[in-house]
Amino acid sequence: MLRLAWRNLLRTPGRSLVTGGVVALVVFLSLLFLSVYAGAFDAFYRLLLERTGHLLVRVEDYEDKTDLESLTFLPPSLPLPPGAEVEGVLEGGGLAIVGGRNRTVVITGMEPRGLARQQGLLKEGGLPRASGEALLGEALAQALQVGLGDEVVVYAPGGFGLGVYAFRVVGLLDFPETHLEAQTLMVPLEDAQALLAPGRVSRLEIRLPGLGLYDLKALEEVKTALAPHLQGLKVETWLEANPVYAALLPLYDTIMAIYVGIFFVLAGLILFNALYLSLVERVREFGLLAGLGLSGRRILGLVFWESFLLVGVAALLGMGAGLLVHLELADGFRLPLPQWMLEQYREFGLPEVLYGRLGVKEVLLTLGYAVGVALLAALWPGYVASRLEPVEAMRYVP
Amino acid sequence: MSLLKLAWRNVLRQKRRTALLSLVVVYVTVAVLFLYGLLDGYGESLVEAYAQYVQAPVVVAKAGWWQDPDPEHGLEVLPTLAHPLIQAQSPRLSLYALLRSPYRVQGGVVQGVDPEGERALSRVPFKVKEGRWLSRSGEVVLGYRLAQRLDVRLGERLVVETGQGALGLEVVGLVQAGVGNVDFAGVYVHLEDARRLSGRGILATHVAVKVPRGQEASVAQELNQNLPLGLRAKGVWDLMGPIRADYEGSRLVYLPLMGLFMLLAAVAVVSTVYVSVRERLREFAVVESLGFAPARLAAQVALEAALASGVGLVAGLVLGYGLLWYTSTHDVFGPLMRLSVELLPEAGLSEHLYTAFRPVYGLYASLVVALSALLALLFPGRLLLGLEPSHYVKGE
Amino acid sequence: MKGMLFYLPVLLALASAQTPLEKLRIALDRLRGPAHQGVYELQVERLEFVRTYRLRVYTDGKRTHLRVLEPGNEAGQAFLFLGEDLYLYDPRLGRTLRLPPAGRGERFLGSDLTFQDLMGRDLEEFFQVAETQGILVLTPKPAAPTPYGKVEVHLKEGLIERILYYDQRGQAVRELRLAGYQGLNGAYLPREMELRDLKRPGHRTLLRIAEIQVGAVPERCFNPLYLERGC
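Residue numbers (our numbering), protein chains in the order written: chain F, 1 to 398; chain P, 1001 to 1396; chain H, 2001 to 2231.
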């Protein structure tokens, strides 16, 4: 039966090639699309994870609190798994003053590791190496009309700290998001503490090396282990700390399935068409086969085999090509869009260089669609072929 | 019998086959219509959000203000803007300020407006969900989400402070425009109050201008030719933030994809026509031996392809426009857009997205017919051009 | 004592003839005392800790120069309040800074007191005054930059005893109590100020006068140029 199906496909090489080509193209495009989309999605979330760490410790009910006093705490020692890194961050509002100009800013005090993480955003200058040095968002520097080496006075009363501090601008940061850039002032943690709240932090960022982006189960375990050690504090996973992003995650699979589905419906319709044409061309032949005693079920089987063979070979080819391109994408790629557009996309947290990702789930989704399409497209032509009356079919004139 | 009639009869001869290939064309037509409608609807929602709510159709300001939107670069004298297409114009003064409620303090951009002038220009005054729009100085209207965040209610006082001054303003209205920037960050005060807060003796930072939809860029361009030195007008597309890139990026990705879809549909049509031609080679040979030119036969095949895909096109247009009508009158994408607004509150996204409904989409979708005919000429048509009538007429 | 008893009805009669605004004005005049210099103790209480500052103060009743003496790590910080203008000197900063108007409403040295509580006359400037049952009830003037909905000033013999700040929803949010008024050269000065944040139990600030010398204060003390080196 398999050989017969194969031979039939080879009898109309042109059509088989076109139909198979369409299926292969769809499989290829689907994989390409999934790889790029997952890469973009990951990049979006990775940026968030890099900014917040895997776990965040903050005061309970921080959402309802507004003043620095109730939002900050003395960092407790935490029982963390080996290799875990904890960084204290102190964040508070203030007024940056330069001459007659002033702007409200978010002062972020970070440990050296946290500051080093900003290296990629440095547009000009270097990282703070000593007390009194600061990184400024480029837009903020523009608004205050300061450059490298200039002084910015930060006035932040209301805390327990000095309430005022002078910083020398040592680096300018080019944030993807202009609204962040216009209010960001990053300084060494000790300086922020001296200014706002000595010894205190507003959050602890816990990073767990080796933990993937979506290893949420492992995160939950660490979180559960930490909970009893946090008096008046609350630990959250990076997704819990960003509820809107968390709400987006479950939509991912559905959106992917719809997008890929749109391609496959087209492929399925074309395949359906091709199988039906192939049936029409061979009505007399099917009639002969039926006359020779081939049962309706076996004729149905023949049509299904043809469909599966065609789709199978095409899907393998498409998948091979897709995986090859994916391997290339996994090493990093830029979306083929004009530079100004890529820069604008950065405003939404999408880096210029993305890394393709293709998981088993994505490959299975594509294969599932291919098999489904092969099955559905063959259903009706197969049924028609199996119900042919031998005598009528042999007399059939198109 | 005319070529068209003949082709039509041939198409109808194989009703089932025609119906099947029509399915492909229907699908592609619906996809093309819907995607165009969606893309244009998205673009229109952005233009509407920026022209009617966030900014204005055209904005005129000093060149320095476009670089650094600080009242330092404000207008000491209001320019006289004359253009036949200008429907309304009103000065605005935007400045950075600290908003202080009894419970929270937050920075934001305050928009000083002339309450009446704004009514003629923007839709914000008509989107007050609680209270009323500004009527005199001493009042402030807030985006309802911002009011929630500041924990300030109608009738309460909000302190607005700048480096130059401070005012306690009564919250008289809360706006729910369904546009992220307005709902999450909108602060509207009387122009007089904004002038006082700026402390610079300027009258405005920019002038908002209303012009008919679609004329924004050309009016801005024409205004630029006559504006006093140092002033510059920008149309709504130039006023949009980074979200414009998302719209244009989507077009760049989806339009070639639609092209591919149409090509594949045409290939499906041509496959069917190819089979049909092969089945009728003898028939064609007889007709050719009767004196019909092979080119005419090829043209007939092309016509058949066009007709077959035309059937799908018509059905697709009916279905596609039906879908577009539904999605252009029902807020199907509302939940998704609301999530996007939460995610990117300052991108200028609207909470509602209605697809566009334009006749021209039908023309785009009909390319599949032209493409089918062209491919039919190239492939099954070529089969006829190389036909040897004697071979078939003999019955071999 | 006998003399006081003699004057009291006269004083009361005078007081009853005053408008509520005049009463407030006089009470505020009596709040800052005569020109003097001294040492104030500022105690900031929180649930988890108590922090104490010692401040050197120079004032002529309208303008005030304040220098932090203790704790050591903040010693040298100085503030100058000249009505509308507020200047600040920090030794680490090494220079004097004029703060924007927003700074006036900010809390002072992490306490519950604002610069306004210490030296300002916002109650007079921003509010219109009425009197109900012997209590001055202040409501904001149109466009006054205050977040409060109402302020009650409780007077005792023309001196402010208690100021209660309400939010705009009728809930009392801050309470300032003044006690230990001392008559100095015909003027008055409360020796103790206590401020409670009524929204947050356990948040309290106490200001006590530890030392005081009544007498004219050199004019240079009110010059921003002298914030750095002292006067």
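Simulated from the structure, these hints should not be mistaken for lab results.
Cβ coordinates follow ideal geometry from the N, Cα and C atoms, glycine included.
Please note that the accuracy of each hint is not assured.
As the list claims (entries may be wrong) - Using C-beta positions, here's what the derived DEER-type ranges look like:
1) P:V1109 / H:R2095: 27 to 35 Å
2) F:L47 / H:R2095: 18 to 26 Å
3) P:Q1225 / F:E343: 23 to 31 Å
4) F:L17 / P:R1251: 54 to 62 Å
5) F:Q339 / H:E2070: 57 to 65 Å
6) F:A330 / P:Q1225: 45 to 53 Å
7) F:A330 / P:R1251: 40 to 48 Å
8) F:P76 / H:E2022: 20 to 28 Å
9) H:L2082 / F:R334: 53 to 61 Å
10) P:G1259 / F:L323: 23 to 31 Å
11) H:V2050 / F:V353: 35 to 43 Å
12) F:R129 / P:V1109: 29 to 37 Å
13) H:E2048 / F:L47: 46 to 54 Å
Now for the hints, and whether the structure bears them out:
no.	hint	in the structure
1	P:V1109 / H:R2095: 27 to 35 Å	holds, 31 Å
2	F:L47 / H:R2095: 18 to 26 Å	violated, 39 Å
3	P:Q1225 / F:E343: 23 to 31 Å	holds, 30 Å
4	F:L17 / P:R1251: 54 to 62 Å	violated, 32 Å
5	F:Q339 / H:E2070: 57 to 65 Å	holds, 59 Å
6	F:A330 / P:Q1225: 45 to 53 Å	holds, 52 Å
7	F:A330 / P:R1251: 40 to 48 Å	violated, 27 Å
8	F:P76 / H:E2022: 20 to 28 Å	violated, 56 Å
9	H:L2082 / F:R334: 53 to 61 Å	holds, 58 Å
10	P:G1259 / F:L323: 23 to 31 Å	holds, 25 Å
11	H:V2050 / F:V353: 35 to 43 Å	violated, 54 Å
12	F:R129 / P:V1109: 29 to 37 Å	holds, 35 Å
13	H:E2048 / F:L47: 46 to 54 Å	violated, 36 Å
Against the hints set out earlier in the document, violations occur for numbers 2, 4, 7, 8, 11, 13.
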